[in-house]
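A.B. asks: Generate the whole structure from the sequences, applying the supplied hints.
Read off the chains here:
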Amino acid sequence: MNAINPWPFIAAAYALTLLGTAGLALWSFLAMRRAEADADAVSKRP
Amino acid sequence: MHVYANPARFLKIARPLTAWLGWAGAAMILGALAWGLLVAPAERSQGESVRILYVHVPAAWLAMAGWTGIAIASLMQIVWRHPLAAVAARALAGPGALFTALCLATGSLWGKPTWGTYWEWDGRMTSMLVLLFLYLAFIALAGAEKEKGGEGRLTAIFGLVGAVNIPIIHYSVVWWNTLHQPASISFVRGTSTIHGSMLWPLLVSALGFSLLFGAIVLMRMRAELARNKVEARLKRMAGA
Chain Y
1 MNAINPWPFI AAAYALTLLG TAGLALWSFL AMRRAEADAD AVSKRP
Chain E
47 MHVYANPARF LKIARPLTAW LGWAGAAMIL GALAWGLLVA PAERSQGESV RILYVHVPAA
107 WLAMAGWTGI AIASLMQIVW RHPLAAVAAR ALAGPGALFT ALCLATGSLW GKPTWGTYWE
167 WDGRMTSMLV LLFLYLAFIA LAGAEKEKGG EGRLTAIFGL VGAVNIPIIH YSVVWWNTLH
227 QPASISFVRG TSTIHGSMLW PLLVSALGFS LLFGAIVLMR MRAELARNKV EARLKRMAGA
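These protein sequence lines map, in sequence, to chains Y and E. Per our numbering, residue 1 is the first one in the first sequence, and the count goes up by one each step. Per our numbering, residue 47 is the first one in the second sequence, and the count goes up by one each step.
No lab work stands behind these hints, which were simulated from the structure alone. Model, not experiment: these values are computed from the prediction. Do not rely on the hints blindly, as some may be mistaken.
For lysine-lysine, the following BS3-like pairs were computed, each having C-alpha atoms within a straight-line distance of at most 27 angstroms [stated by the list, open to error]:
1) E:Lys194 x E:Lys58
2) E:Lys275 x E:Lys192
3) E:Lys158 x E:Lys281
4) E:Lys58 x Y:Lys44
5) E:Lys275 x Y:Lys44
6) Y:Lys44 x E:Lys281
C.D. replies: Right, here's the structure in full:
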């Protein structure tokens, strides 16, 4: 049996993974949206 | 493969695929983690700590898969000079580094209640730490080479040479006397020593994280292609 209560470690592992993954996904999405909007704006210039 | 190396053809497929991979991956991750946390049983020797493995194992798999992808893209860049290969390798590096860091962090959080220590300088953990440093060096080298206007061949060579670490990570638990347990799943033999009640949430979690990883890589590739387009257009306008 575990001598240490494992639940704080489980919570920390899940929180780190979910926040890290969601943060990277959101950052990548916003960067993509911004870059594609810039590319559209430039291609519409005369 | 050569057919999809054309950026226009790639974007035609990548645009709808990004959303599908992202949403399917997110749904599978949430389902698998709820399954792992609330439904799957505790393990006999690890107790409740086994639940950390539902995030640790997918992170470890993606850390290694990310560099394998970099090595394949680097080879395609060096041999066939595919226009998308360097973009793909650079897009893989950031997510690969993140999942390597998550693998190390969640492994430490699993180690403390299970082994009684956050860190041990054994073969598996040290080779994973080396992989994190390789990712960071790759990101720095790719950034520097792009800034100088290079083709990224030096970065590609580094990506290929760095792949030497992947079999070292995989076989570290066989070659050296280590605290880390050997592989519990063999895809080559199609065998597993994990009971089905724990194996299925683990596989669904790994698949979900893999799909989301794919969506993130596609988003990063699309962003870089769009930035390249802007850069090329501005150069043309300045020259006219």
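A.B. asks: Run the structure past the numbered hints and jot down the numbers of the failing ones, going up.
C.D. replies: 1, 3
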